[in-house]
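Spelled out, the chains give:
There are 2 protein chains.
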Amino acid sequence: GSSSSFSSSSKLLFRQLFEKESSTYTYLLADVSHPDRPALLIDPVDKTVDRDLKLINELGLKLVYAMNTHVHADHVTGTGLLKTKLPGVKSVISKASGSKADKFLEHGEKVYIGDIYLEVRATPGHTAGCVTYVTGEGADQPQPRMAFTGDAVLIRGCGRTDFQNLVLKIAFVLIFNQIFTLPKDTLIYPAHDYKGYEVSTVGEEMQHNPRLTKDKDTFKSIMSNLNLAYPKMIDVAVPANMVCGLQDLPSSQPN
Amino acid sequence: GSSSSFSSSSKLLFRQLFEKESSTYTYLLADVSHPDRPALLIDPVDKTVDRDLKLINELGLKLVYAMNTHVHADHVTGTGLLKTKLPGVKSVISKASGSKADKFLEHGEKVYIGDIYLEVRATPGHTAGCVTYVTGEGADQPQPRMAFTGDAVLIRGCGRTDFQNLVLKIAFVLIFNQIFTLPKDTLIYPAHDYKGYEVSTVGEEMQHNPRLTKDKDTFKSIMSNLNLAYPKMIDVAVPANMVCGLQDLPSSQPN
Ligand SMILES: [Fe+2]
Ligand SMILES: [Fe+2]
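So the sequences go chain by chain: Y and L. FYI, in the working numbering the residues of the first sequence are 99 to 353. FYI, in the working numbering the residues of the second sequence are 99 to 353.
Misleading hints may appear alongside valid ones.
The list cannot tell twin chains apart, which means a pair is met if one copy fits it or any two copies do.
To be verified - Simulated pairs of lysine-lysine, DSS-like, Cα-Cα distance not exceeding 27 Å:
id	residue 1	residue 2
1	Lys-193	Lys-318
2	Lys-293	Lys-118
3	Lys-267	Lys-183
4	Lys-145	Lys-188
5	Lys-183	Lys-208
By construction, these hints were calculated from the structure, which means they are not laboratory data.
Same shape as in the complex, but just chain Y (with noise of 0.2 Å):
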């Protein structure tokens, strides 16, 4: 049904946190029921590197991977920062990203940390490269699922389509099929929001997104005729990275 509104597990230590600046959501997961207490973060953002690492460390976590959705135009990524000041941690991306990472993932691959496990599914539209993680099925992962959506779908939104050349309709019909084809109970966490909500269901979406309501010809038009003002950051943000983050460090050099 969709009345739950938060996934739980016994095994699952979850959070979501905040950057204010960019109005960045950076997500914190582990499995606490693991002896390590192994944890990922996906979208880390450079400015709360140090919030996230303090967190990490009062909950006595491991952090293993630093992973991202997709090359951010909007903020410099944490990954690089991250590996220099914990190093062990592995920065990941998807392969079609082009940027660097010391993992690179592809549609339909899993990376887990303990027994709980992300999926990845191309949900390319905002940029060619960008992924959704989705938990788990079965009874051993956390109840509902949960989509990390990144930029591909916003609560009540979807980030533009307009900094690569990719063809609309294929975007949104796979957007359509990776992810409004999950239970519609599965929260929906994106990257960013600007109006103070933290989280919706895919049910939710597929009634109330203005955009991704309507048919695919309908969404095209839509985000073609934006005519939105080129990103502050995305100068900064783009080259910085394709490099998680670090231009100069040999640590953000890939494996």
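Take the given structure of chain Y and dock chain L with the ligands to it, following the hints.
Relative to the frame of chain Y, chain L with the ligands by itself:
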């Protein structure tokens, strides 16, 4: 255990909402197993009333109560505005606040929406009328429990205590007795956060809160020596909040 991070219940629909300018959290709770889908808001902000009503409408909820944890000094409450936009909504606050409202609460009282209830716990300190709302005890109530602490307990902090002439050692004992005696996995949902944290637990704050992990004499000395600036909004916010945020409208008069 300290493992689960979110309260879950087949009947509770829960959302945390953020108002960026004052870094205020508003909470929406509803019993969606009840045919009316009755809902309440805790600490609504005047500026985000339209957002909150849009969400309540999209989720098919019936707003019954607009509650405050205390008379805020940093933002104007949305309770009065909610009442003018949705007649039938009742404003709720502690009797000890001295504020106008439709319904006054005393320590130990319960507030029901459908089968879900909140318990009122007096936690003066930040103001004399501060209360914490705690979800009910028992298997039919959300698990783990949730404590909406206002400014009594913040994540890794607590609200300033220099507004009213309170005995700080007593405040400290009350916070301790009323909040830190709850199960360790009880979720702490504060009225504010300035660093991007959204939730904590009783166990976590008992271990890591830099003010509340001290003895009561150290607490008194920390709180007496903060030398904080006079709050920007206080001369506007407090008089407005004493009358539900609306000074002119007849609907802001108590029943
Ligand atoms: Fe982005
Ligand atoms: Fe306050």
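Verification of the hints:
no.: 1; hint: Lys-193 x Lys-318; result: within (26 Å within a copy, 55 Å between copies)
no.: 2; hint: Lys-293 x Lys-118; result: both (11 Å within a copy, 8 Å between copies)
no.: 3; hint: Lys-267 x Lys-183; result: neither (42 Å within a copy, 40 Å between copies)
no.: 4; hint: Lys-145 x Lys-188; result: within (19 Å within a copy, 42 Å between copies)
no.: 5; hint: Lys-183 x Lys-208; result: within (26 Å within a copy, 48 Å between copies)
Violated hints amount to a single one, hint 3; each of the other numbered hints is respected by the structure.
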